[in-house]
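Going line by line, the protein sequences match chains A and B. Under the numbering used here, residues 590 to 946 are what the first sequence spells out, in order. Under the numbering used here, residues 119 to 339 are what the second sequence spells out, in order.
These aren't lab readings, by the way, just hints derived from the structure by calculation. Positions of the beta carbon are idealized from the N, C-alpha and C atoms, including for glycine. Honestly, I wouldn't trust all of these hints.
As the list claims (entries may be wrong) - Some chain B residues judged to face chain A by a derived CB distance under 7 Å, without partners named:
| # | residue |
| --- | --- |
| 1 | A162 |
| 2 | L169 |
| 3 | A173 |
| 4 | I252 |
| 5 | R255 |
| 6 | M302 |
| 7 | S303 |
| 8 | E307 |
| 9 | Y309 |
| 10 | R311 |
| 11 | L322 |
| 12 | F328 |
| 13 | E332 |
Claimed, not checked - Capping the alpha-carbon separation at 20 Å, the derived lysine to any residue pairs in SDA-like fashion look like this:
| # | chain 1 | residue 1 | chain 2 | residue 2 |
| --- | --- | --- | --- | --- |
| 14 | A | K601 | B | G219 |
| 15 | A | K715 | B | L258 |
| 16 | B | K171 | A | E753 |
| 17 | A | K940 | B | D172 |
| 18 | A | K745 | B | E251 |
| 19 | B | K335 | A | L598 |
| 20 | A | K939 | B | L316 |
Given next are the chains, with one letter for each unit.
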Amino acid sequence: MKHKSILLLAAKAVLTLTTCVLICWIAPWLYHFATDRTHRTPFTLYSSVTGEFASIVHENGQNSYIGQSGQRYTEAQFDSILPMFYYRQLIADERLPDTLFGQAINPRTIQTENFIFRTMPAEVNKKTIPLYPLLESMSGRVDLEMPSDVFRITGKGIEFIDMESNRTDTAKSRLFTDALLRKGFAFPAQIVSGNGTTRKEYDNGYLLTDSSHKLYNLRMVQGRPYVRKIDMPDGLIPEHMFVTEFRNRRWIGFIADNRQRFWVLETGTYQFRQVELPPFSPSNTSMTIIGNMFDWTVILENQESGMLIAIDAGSLRKIKTMKTAQPTLTVAERIGEKIPQLRFLSPLDKKVFPYFN
Amino acid sequence: MNAFFYKEWLKNRWFYLLSAAFSLLLCLYVTLNLHRLCNLRGAAHFWEAALTKDAIFIQLLHYMPLLLGIAAALVQFIPEMLQKRIKLTLHLPCNYFYSIGSMLLFGLCMLCCIFLLNLSALGIALRSIFAPEIVSRILLTALPWYLSGLTAYVLCAWICLEPNWKRRVLNGIVSACVLRIFFMSDTPEAYNRFLPILAVYTLLICALPFISVERFKTGKD
Numbered sequence: 590m591k592h593k594s595i596l597l598l599a600a601k602a603v604l605t606l607t608t609c610v611l612i613c614w615i616a617p618w619l620y621h622f623a624t625d626r627t628h629r630t631p632f633t634l635y636s637s638v639t640g641e642f643a644s645i646v647h648e649n650g651q652n653s654y655i656g657q658s659g660q661r662y663t664e665a666q667f668d669s670i671l672p673m674f675y676y677r678q679l680i681a682d683e684r685l686p687d688t689l690f691g692q693a694i695n696p697r698t699i700q701t702e703n704f705i706f707r708t709m710p711a712e713v714n715k716k717t718i719p720l721y722p723l724l725e726s727m728s729g730r731v732d733l734e735m736p737s738d739v740f741r742i743t744g745k746g747i748e749f750i751d752m753e754s755n756r757t758d759t760a761k762s763r764l765f766t767d768a769l770l771r772k773g774f775a776f777p778a779q780i781v782s783g784n785g786t787t788r789k790e791y792d793n794g795y796l797l798t799d800s801s802h803k804l805y806n807l808r809m810v811q812g813r814p815y816v817r818k819i820d821m822p823d824g825l826i827p828e829h830m831f832v833t834e835f836r837n838r839r840w841i842g843f844i845a846d847n848r849q850r851f852w853v854l855e856t857g858t859y860q861f862r863q864v865e866l867p868p869f870s871p872s873n874t875s876m877t878i879i880g881n882m883f884d885w886t887v888i889l890e891n892q893e894s895g896m897l898i899a900i901d902a903g904s905l906r907k908i909k910t911m912k913t914a915q916p917t918l919t920v921a922e923r924i925g926e927k928i929p930q931l932r933f934l935s936p937l938d939k940k941v942f943p944y945f946n
Numbered sequence: 119m120n121a122f123f124y125k126e127w128l129k130n131r132w133f134y135l136l137s138a139a140f141s142l143l144l145c146l147y148v149t150l151n152l153h154r155l156c157n158l159r160g161a162a163h164f165w166e167a168a169l170t171k172d173a174i175f176i177q178l179l180h181y182m183p184l185l186l187g188i189a190a191a192l193v194q195f196i197p198e199m200l201q202k203r204i205k206l207t208l209h210l211p212c213n214y215f216y217s218i219g220s221m222l223l224f225g226l227c228m229l230c231c232i233f234l235l236n237l238s239a240l241g242i243a244l245r246s247i248f249a250p251e252i253v254s255r256i257l258l259t260a261l262p263w264y265l266s267g268l269t270a271y272v273l274c275a276w277i278c279l280e281p282n283w284k285r286r287v288l289n290g291i292v293s294a295c296v297l298r299i300f301f302m303s304d305t306p307e308a309y310n311r312f313l314p315i316l317a318v319y320t321l322l323i324c325a326l327p328f329i330s331v332e333r334f335k336t337g338k339d
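For reference, chain A alone in the conformation it holds in the complex:
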């Protein structure tokens, strides 16, 4: 009898808890579903021609082209003040200048120097399978090919697994492990970063940090290991690394360190250069860089706010900053922002776990 009443009490407690959790989850969701609207963020780029940011704002079903100081442009004028971004339109209109800021430009150089880099917290924090394809960096062929094996890094060395047979290639594993050990690599690896895809023009291999946070570049050249130990400035401990394979071949990668600084790693010299950005952590802030030979527009956005920073492409110093325009909220939306909501899907890592917004 006593057991029965305890059980019933426990059952009622579980039911009450379940109901409370469901109400905290569904009631605010219904409110947001009924009141929230989609907000368009204006597309903004830095113009080296005008020396300020310029945006495309969607107003009353039409696009308006507005400078940071409020000046309005026509569509053709907007193309002209952003010649590196709209160069194809300028070519079509026969309006592309042959020099800009004293530098000769042509479609080929513009295309080579333009790049777009994007990183989002959901991608950075996502759990990935620790198996990586190592492409041939110097095959002599124009098109890259996917290898027939992938590698994993264990506490003892690097292991290559042949995908068809699902077996370890012991000879190749030994060759690469020895090459890494010769350069002082201390297994296991802390960070392994690379782009294991053929959708790129060339291959920069992988950036690895070993168990003592030393940085290495690993590539496969003509089937042989190429390992380069990279000296880092004092106090730099990489936290997130992104191998870049842009057309201009200037950089091996971008690195965000534990002090929220952002660095570029140059090709050839393996020198680090710091980019003058506000503190940036890829695990909670998304970054988009739209770069050209004169300047970069860096867009940093997190859940609270957004910021645009113009960077000089040569010196990597800050030119100008601007806060992202905040959308005007209705009264219902402002109330909705204040209602705590139990959520399960985190926008930061795509994982399911309960949290209060």
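Starting from the known structure of chain A, fit chain B onto it as the hints suggest.
Leaving out everything else, chain B in the frame of chain A:
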């Protein structure tokens, strides 16, 4: 308890044998199909899909454990309610805590056995194609689906044993919302951190059917 288990086995053995055969055949179909495709296109293609496109290859099994859990509860408890056999069970000279508890435990044990068989078969078949890292990702992605099957069984038993129709509808709404939580993301391994909490919750809601039984016993029709 053994007598109750034996009674439930006699009543439901064909359902559980068929369920085990059906789910194993589905697992076999999924993995044999994958083997066939690997022979046609090469295993490397599927390794790449797993590594770069988050492919898990067993999407066909997504709702299978959930449906099995619901079906198991319906097959076990609906005849009890329709033929008023539950009244007889509750009048047996033993505490209903033991009688209904044994019935629920039997269903949960049988489902656990079927699900473990499924996961073991999948693990063995996939391991012959993929590295352990990929196999563990696929199985960890499938774990919340299987856990949803156990939860669905308990919640469905809670609904079936409830004597009042209005309450049944309310219980059904709560159950649907609870089960939705198990299917909130298609991202592989999205539930890794949440799984222990869901497992404990599944254990806790095993108490819910006793509310329905108590209401049945006190005649809240």
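Now the hints, each set against the structure:
1. Interface restraint check for A162(B): the shortest CB-CB distance to chain A comes to about 4 Å, inside 7 Å, so the restraint holds.
2. At a threshold of 7 Å, the smallest CB-CB gap from L169(B) to chain A is about 6 Å, leaving the interface hint in force.
3. Hint on A173(B) is violated. Least Cβ distance to chain A is approximately 11 Å, over the 7 Å limit.
4. Among the interface hints, the one on I252(B) holds; its C-beta lies about 6 Å from the nearest C-beta in chain A, closer than the 7 Å criterion.
5. Hint status for R255(B) relative to chain A: holds, with the closest Cβ pair at about 6 Å, below 7 Å.
6. For the restraint placing M302(B) at the interface with chain A, the shortest Cβ-Cβ distance is roughly 5 Å, inside the 7 Å limit, so the hint holds.
7. Hint status for S303(B) relative to chain A: holds, with the closest Cβ pair at about 5 Å, below 7 Å.
8. A hinted interface residue such as E307(B) counts as satisfied when its beta carbon comes closer than 7 Å to some beta carbon of chain A; here the least separation is about 5 Å, so the hint holds.
9. A hinted interface residue such as Y309(B) counts as satisfied when its beta carbon comes closer than 7 Å to some beta carbon of chain A; here the least separation is about 5 Å, so the hint holds.
10. A hinted interface residue such as R311(B) counts as satisfied when its beta carbon comes closer than 7 Å to some beta carbon of chain A; here the least separation is about 5 Å, so the hint holds.
11. Annotation: L322(B) was flagged as interfacial toward chain A, and the flag holds, the nearest CB pair being 5 Å apart, inside 7 Å.
12. The closest approach between the C-beta of F328(B) and any C-beta of chain A is roughly 5 Å, which is under the 7 Å cut-off, so the hint is satisfied.
13. Annotation: E332(B) was flagged as interfacial toward chain A, and the flag holds, the nearest CB pair being 6 Å apart, inside 7 Å.
14. Straight-line distance between C-alpha atoms of K601(A) and G219(B) comes to about 16 Å, which keeps the hinted pair within the 20 Å bound.
15. With a C-alpha separation of about 15 Å, the suggested pair K715(A) and L258(B) falls inside the 20 Å cut-off, and the hint holds.
16. About 19 Å separates the Cα atoms of K171(B) and E753(A), which keeps this hinted pair within 20 Å; it holds.
17. A threshold of 20 Å between alpha carbons decides the hint, and for K940(A) with D172(B) the separation of about 14 Å falls inside it, so the pair holds.
18. Taking the CA atoms of K745(A) and E251(B), the gap is about 17 Å. The hint holds against a cut of 20 Å.
19. The hinted pair formed by K335(B) and L598(A) meets the criterion: a straight-line CA distance of about 16 Å does not exceed 20 Å.
20. As the CA atoms of K939(A) and L316(B) are separated by approximately 18 Å, the hinted pair is consistent with the 20 Å bound.
Violated hint for the displayed structure: number 3, the only one.
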